[in-house]
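With these hints in hand, go ahead and build the complete structure from the sequences.
Sequence lines, in order, name chains F and C.
Our numbering puts the first residue of the first sequence at 175, with every later residue one more than the last.
Our numbering puts the first residue of the second sequence at 15, with every later residue one more than the last.
The hints are simulated quantities; they were obtained by calculation from the structure and are not laboratory data.
Warning: the hint list may mix true and false statements.
Label-pair ranges, simulated between beta-carbon atoms [what the hints assert, rightly or not]: (1) 29/C - 478/F: 14 to 24 Å; (2) 542/F - 25/C: 36 to 46 Å; (3) 105/C - 208/F: 52 to 62 Å; (4) 287/F - 35/C: 47 to 57 Å; (5) 46/C - 289/F: 44 to 54 Å; (6) 533/F - 99/C: 46 to 56 Å.
It should be emphasised that the depicted structure is a prediction, and the values quoted were computed from it without experimental measurement.
Yeah, the Cβ is synthetic: ideal placement off N, Cα and C, and Gly gets one too.
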Amino acid sequence: MAAQMIYLDYAASTPVDSRVLDRMREVAEKNCANPSSTHAAGREAQALIATAATQLGNLLSVDPATLVWTSGATESDNLAIAGGARYRAHRGKHIVTMKTEHKAVTDVFETLAREGFDVTWVDAEPDGRLNPATFAAALRDDTQFASIMFVNNETGVIQDIEALGQICREHDVLFHVDGAQAVGKLPIDLGRLPVDLLSLTGHKFYGPKGIGALYIADRAGCHVEPILFGGGQQRRLRPGTLPTSLVSGLGMAADVAAASIASDLEHLRGLRQILWEGIRDIEGVMLNGDPDGFPGILNVSVEDIEGESLLLALEPLLVATGSACNSKTQEPSYVLRALGLSDAQAQSAIRFSMGRPTTRGEVEFAARHYRSAVARLRDLAPQAAA
Amino acid sequence: MSADPYNARVRECFTAPAHAGDLAGGVTVLADDQGVRVMLSASVADGRITALRFRAWGCPHLIAAVEWVCSYYEGEPLQALEKFPVARIMEDLAVPIEKTGRILVVEDAIQSLGRSLNH
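Written out as structure tokens, the structure is:
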């Protein structure tokens, strides 16, 4: 990354915490064994895996035995949704999710639809939240599985997971939560929340890329079928040799997060307020999503501005656009369209996402630079001459 | 690392367009299609384009293309407006093929300008 760039894309990925790096290096240097090997070094690797599971279990308030290691949230989502829906298919093939879910969820639901599952896509309210009554109304006698994300990756909207999970329990529906944007960032007590399956990934909370986990609640009827085959690891749910240093890194990231969540949230609330206060009076600017969402994300649109040009004009800010990040299509975000934004509004959307290392000076610069970029593009546009 | 969608010429034309603005008393035309808008203003003396300015709403490639076009035609005789160097623009600015329609809106603006100036 060029030194002069200002990174405001923490919802896409976070830098690895130095304590995590130290732990990964230490583990990689001292143990090269396969954790499945029965010799001493293998048993030592298995103990390192167990330590990491305990660290992650502590963060989520769950028994470490309920955690299955994966390559990241996409795999966890696939395992939970495809594996969970198929496991319960003999009881019913109706499954439910939201229109604003991540592609790692929606694409699996579409795959299941092609397999013969009946999918209901529930709408969000204009602020991005899911009304529990809307969710309850979508459930049927043959509904067996539902998936709702904890924090939306584009807008930061936080869903009422407790209420939605309770509805699932009342209807005996297996409830999966995509927690990729929530774990390590919000306090999550799975000992209390009625959640059956929860996906997470390390690189969203200062851990390494390439490692994630799926929580599978230890309760009757809660299980998934494997989607990968090849070995007996992890109770055959997810075969494959475990990457000891990555798992240890995720465990350390969980430890760091457990000690940092409260101060991180306070820090992010302050930054988000500075950023929003710095741009909210721009004519035609609008905040997308719930103002009380996760404070690390601020998603804004602005009238009469072309999104691709705005993104380039915003350099050296490294932010995300509301488009599909595909220069060939420049399709507006389906998430923002689902909240009722027009194509033009969605196309002008910019997601600022801040993290632990973000400074007040960086967001103050971002606000000034956003104002300047919008003004320049408006001045360049034909209507400015009218 | 994925390739930068904008080459150095696009970045230069987009970041510091020397021909952005209006010309008081000049001939002005507007082309509006493909979800983009291009406005050109020209002044002419002795059968030559003495100054060309633009306003545009669209992607960076479009804005760069309009700046490129203004530089290209300034100082040229009016007859030059009868030809539009679409291939050179596409090549110089490495315009993705799917954005060809937007460049053709620039051509529409140039043709419209030619018609207006020849009246």
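Inset, instruction - Check the following: the C-beta atoms of residue 105/C and residue 208/F are separated by a distance inside 52 to 62 Å. - result: Since the Cβ atoms of residue 105/C and residue 208/F sit about 54 Å apart, the hinted range of 52 to 62 Å holds.
Legend entry - residue 289/F and residue 46/C - C-beta distance against the hinted 44 to 54 Å: About 46 Å separates the Cβ atoms of residue 46/C and residue 289/F, which means 44 to 54 Å holds.
Legend entry - Consistency of beta-carbon spacing, residue 25/C to residue 542/F, with hint 36 to 46 Å: Hint violated: Cβ distance 21 Å, outside 36 to 46 Å.
Inset, instruction - Given the hint of 14 to 24 Å, check if residue 29/C and residue 478/F actually sit that far apart at their C-beta atoms. - result: 20 Å, holds
Legend entry - 46 to 56 Å as the expected CB spacing between residue 99/C and residue 533/F, which holds or is violated: 47 Å, holds
Legend entry - Outcome of range test on Cβ distance (residue 287/F, residue 35/C; 47 to 57 Å): Hint holds: Cβ distance 53 Å, inside 47 to 57 Å.
In this structure, the one hint that does not hold is number 2.
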